[in-house]
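Given next are the chains, with one letter for each unit.
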Amino acid sequence: MADAGESTTDRKERIDRHIGDLAAAGSKNEVLDAIDNLLGVSAPVGSPSTLDAIAQRYKSQADDAADVQDRVEKVAASGLPSVWVGSTGAKAAEVVAAAGRSAEQMAEAFRKASKALYDLSDALTSAQSKDGDGREQLRRARTMLGGEDGFFDDMVEKDDEEAERKRAQDIAGAGANLLYAAAQEADDAARAAARELNKYAAEARAGQMHTDNISAADRLVLADVGVFGGPQEQNELLTAGDLERSGRFMERMNARDEARFERMLADAKTPQERAYLVKALAAGYDVDQVGQFRDKIHGKDPYWLQQHLSPIVTAGDGKVNEGLNPDGSNKNTDYQWFGDEKWSQEGNTCVPSSTVTARAMVDPLYALELTGGPSGQENDPDAFRDRLHDEQLRLHEEGDGDYTHFWSDVPDGMDSDGQNEIANDEISPHTGSTYEYQQVRGADERRDVLTDIEKSVAEGRPVPIEVEGYDKDGRHGHQMMVIGQEGDMLQIYNPWGQTTWVSEDDFVNGHMDKASDSRMPDAYAVHLPADR
Amino acid sequence: MTSALRRLALPALLMTVLAGCGLTGPDTYELDEKQIQVDAGEEFTLSVPVDTAMGEWWYLTSPEPDPDVVRKTDKREEIEADDDAVGSGSGTDFFDFKAVGPGTTEIRLIQCPHGACAGGGDAGGPVTPSPVPSGSPTPQRKYRATIHTYTVTVRKP
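As given, the protein sequences belong to chains L and Y, one line each in that order. Position 466 of the first sequence, counting from 1, maps to 466 under my numbering, and the rest follow consecutively. Position 72 of the second sequence, counting from 1, maps to 1072 under my numbering, and the rest follow consecutively.
Since the hints were derived computationally from the structure, they do not count as laboratory data. Worth double-checking, as some hints may not be accurate.
Below are the DSS-like pairs computed for lysine-lysine, each with C-alpha atoms no more than 25 Å apart in a straight line [said to hold, decoys possible]:
1. L/Lys472 with Y/Lys1075
2. L/Lys319 with L/Lys199
3. L/Lys331 with Y/Lys1142
4. Y/Lys1072 with L/Lys472
5. L/Lys331 with Y/Lys1075
Which bits of chain Y does chain L cover? Going by a derived footprint, with three or more residues having C-beta under 8 Å, they are [claimed, not checked]:
6. 1052-1064
7. 1081-1089
8. 1121-1127
9. 1136-1148
All C-beta atoms in this analysis are idealised placements derived from N, C-alpha and C, irrespective of residue type, glycine included.
Using the sequences and the hints, build the whole thing.
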């Protein structure tokens, strides 16, 4: 019985296995078994006409959103008084600008989602047609062979029987190949559609904040704030996860805390200050702690806030292919600085170092402790480096990392248990997702985890990945973080102090040297966030 | 007869042990040995520590040594790392040369912390220190490339 619920990858793997059985079959009964097994694999599921109908609806919604954008832009052009609106002090002009950008993004999201669904529908139509042709050939081959041989018939195969069996085997082989091609086409199309739709779902950001404690206008502006120093759309200060979590936490506040938090937001000097307060709440801190944090950052300019609270800034041209360095890494790389010090590892501490930076990305109080010291007011890169190194060593110890020899205090790597433990201890409490270690040593396994990686980073949860390489001396490994996703590209933070973009094909096909170096090209493990 | 075998066995054993230590191979010079004297026809090796866990690389850079005096024959890397741990290990790079004729020349090796060098790769050309973008402060020394120059004198055999 065909299982319509099996994944596209499972289906492909089953067909591949039965194709092997068919090719190796040395008797009529073995050929018949292989054909029956192939026919037992379900055809690509899904209704192209339903997909077309949804795609059409999205397209008309894209037109509606474009109309809203047009009208909002007319309001913006008419000149707005500098008045306060909403409960948190967002200015009317900020709200209108955010509404315009939101409408523009919404129109684009609907347009692209519509295209993704049309593409999926086309691919599914083509895959189902190929699959149908393949099944016809398999049935033809089965008809040629007739019923199964009995025990004694099966023991002897005459020359003409062998020739007929081989002819049927060839026809069945061609049919099976069509089944495989159809499964591959459906698999690729489903993956591409999931990637696009997950991304647009995460980009509907203002809607993630389910709270009526602050107005829709304020939510719109908060979702629109970018980290200083890079294009807004690639440096959204509040991730979809931050907006969802902060909304949830606001709903749980008592009236006194709610009033205090709203006051802090209303008093913020810049949209960035306001958004960092919301990020602190999303990171799991209570209103007292957010209040202390607020006292340290109040009135600071957007550049100061970025330097002290956001370790990573993404450049607008980061995805441009500028070729490779002699060590196999991308030339196009963004170095991540605090003053003249990089957010980089010291010694053999890639695991704790990438974890420290990932936590600093999701937890602004922690970032400020590293950059600004206990007072939060320091601006000294040397002192930052000392604190960063101490923190890397603390996490190395926490994850039971190795040392160069028995009585040494020089770190020398960490095993997979330690890697997962420190990710769960340091990052999870601030994103709400625990990490699960998963090996992905084959291309299919890596392709399979892509959707989960994309969804996680689109929602603002960094994904630790391990890469490795082998030479005559053995294996060498390194940890990095997937921190962003755009189209079919992944943004990678390398604790050597940099970020770069690689394609998903690079991730699948062993070209992660573009983010590390040619000593370590293969991604072999990921730590996937799972919803609590 | 037994004592004769013993007399033959001892030098043979010593040769085996010495060959195992590399003591009978080409002379190897460490990073602090920058003045080198060799006979024409001899092979020699420059050995440098490489911080592989930090993505460091070493290259021969321009101007290359006078080809009538010294020629590069190979570059090798040996890494010691714990197979079970991620991020462990360190390495040694070996640059092998042959002294081809009498004279004096310089060999320049460039030590590249990750991202500190330009050139080479798919663009070709020598590997050189990355230029500092105009208007940017000069990076700290630990983030910059370092060129190590060896002076090699090749004597007539």
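- Task: Enumerate the violated hints, using their earlier numbering and listing them in ascending order.
- Result: Failing hints: none at all.
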